[in-house]
Amino acid sequence: MRRMRSFGPGSIRTDAVPSGSVELPDGGRLAFDVEGDGPDVVLLHPGLWDRRTWDRQMTTFPAAGFRVTRYDARGYGDSTRPDARPYSHVHDLAALIDALGISLAALVGCSMGGSIGIDFTLEHPERVWALVPVAAGLGGFELLEQEEDWWAAATAPVDEALEAGDLERAEDARLAIWAPLGAHDPAGARIRELAFENIHELTMDESAHEDLDPPAAARLGEIDVPTLVVEAEHDPPFSRRESHLIATGILDAQRVTIEGADHVVNLRQPERFDEAVLAFLAAVRPEH
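In case it helps, my numbering puts the sequence shown at residues 1 to 288.
The set of hints was computed from the structure by calculation and includes no laboratory data.
Virtual Cβ for every residue (Gly too), placed ideally from N, Cα, C.
Please note: incorrect hints may appear among the correct ones.
[What the hints assert, rightly or not] Derived CB-CB ranges, DEER-like: (1) Leu-104 to Thr-257: 27 to 37 angstroms; (2) Gly-140 to Ser-103: 22 to 32 angstroms; (3) Ala-176 to Thr-203: 11 to 21 angstroms; (4) Pro-215 to Glu-145: 12 to 22 angstroms; (5) Arg-56 to Glu-233: 35 to 45 angstroms; (6) Glu-197 to Gly-260: 16 to 26 angstroms; (7) Leu-143 to Ala-176: 10 to 20 angstroms; (8) Asp-185 to Ala-154: 20 to 30 angstroms; (9) Asp-26 to Leu-144: 18 to 28 angstroms; (10) Ala-84 to Asp-252: 35 to 45 angstroms; (11) Ala-154 to Glu-259: 14 to 24 angstroms; (12) Pro-186 to Asp-26: 36 to 46 angstroms; (13) Ser-103 to Leu-202: 30 to 40 angstroms.
Work out the full structure: start from the sequences and follow the hints.
In structure tokens form, the structure reads like this:
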């Protein structure tokens, strides 16, 4: 692993720093990488995984003329784990971009990262020039009765494995939900590898997390930044309905379905993902 420079609370980046960690006000730390030059884009990874899901985009997005930051959310990858103290992924993101001197950014977030991006945009709309929720979660989203039945059946093997103390079997059961296209090709193998390297997330206590109140599901109409909603063809049906609600709830949001992709869209179909997202960002990019 590369040696990372450390930034304390309130420190400001004055030049490009390839990688480092930011100290949060409560003493936690977020690991990050920065590449490129141009309008800022921040990449937010999905739960189960970490910032390495964006390996390809740390090359392709800078090549398209953007300065790109990716980071590990609290509890994932090289960042510190949550403890009993209250915390918020939105507050963590604000602290990160403050420390890196980023005043305005596009937020591209997958799954959990998409939910964080939506919540951040609601809390700090003046700091977001574009929003790209990818197979995104949505705070306050409620499952329909048939979706609850599907979820209970799908997660039963996960619960059984956890009760037996078999984390590896539990992780494979989760991947059957979120990566149903399997691990038989390089993309699928990487998806599985990164999930297993964050296997601690299965038992991580996130009860101290402070959710946005009121939640985003009731506030999508407040978002007034250019938005592209990216949907995965092979996502669970409820997750696709989530994407539809986001796309219809945000004024003038664009929507694209990436064929041949399950939940980690940018890993499963990287070329199709990059083509769609970079075209959108190029069309709405601010003056640098």
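Task: Outcome for the supplied range 35 to 45 angstroms, where the beta carbon pair is Ala-84 and Asp-252 - done: 42 angstroms, holds
Task: Range agreement (Cβ of Ser-103 with Cβ of Gly-140, hint 22 to 32 angstroms) - done: 29 angstroms, holds
Open item on the list: Please check whether Pro-186 and Asp-26 have a Cβ separation lying inside 36 to 46 angstroms.
Closed with: Holds: the Cβ-Cβ distance is about 39 angstroms, inside 36 to 46 angstroms.
- [ ] Indicate whether the distance between the beta carbons of Asp-26 and Leu-144 respects the range 18 to 28 angstroms.
- [x] 38 angstroms, violated
Task: Hint check for Gly-260 and Glu-197 - Cβ pair distance inside 16 to 26 angstroms - done: 25 angstroms, holds
Open item on the list: Against the range 35 to 45 angstroms, how does the distance between the Cβ atoms of Arg-56 and Glu-233 compare: consistent or not?
Closed with: For Arg-56 and Glu-233 the Cβ distance comes to about 19 angstroms; the hint is violated.
TODO: Note whether the CB distance of Leu-143 and Ala-176 lies within 10 to 20 angstroms or breaks it.
DONE: With Cβ atoms ~19 angstroms apart, the hint holds.
Open item on the list: Can you tell me whether the CB distance of Pro-215 to Glu-145 sits inside 12 to 22 angstroms?
Closed with: 20 angstroms, holds
Open item on the list: The hint says 11 to 21 angstroms between Ala-176 and Thr-203; measuring C-beta to C-beta, is that right?
Closed with: Given a distance of about 19 angstroms, which is inside 11 to 21 angstroms, the answer is holds.
Task: Range agreement (Cβ of Ala-154 with Cβ of Asp-185, hint 20 to 30 angstroms) - done: Hint holds: Cβ distance 23 angstroms, inside 20 to 30 angstroms.
Task: C-beta pair Ala-154, Glu-259: status relative to the range 14 to 24 angstroms that was hinted - done: 23 angstroms, holds
- [ ] Take a look at whether the Cβ-Cβ distance between Leu-104 and Thr-257 falls inside 27 to 37 angstroms.
- [x] 29 angstroms, holds
The earlier numbered hints that this structure contradicts are 5 and 9.
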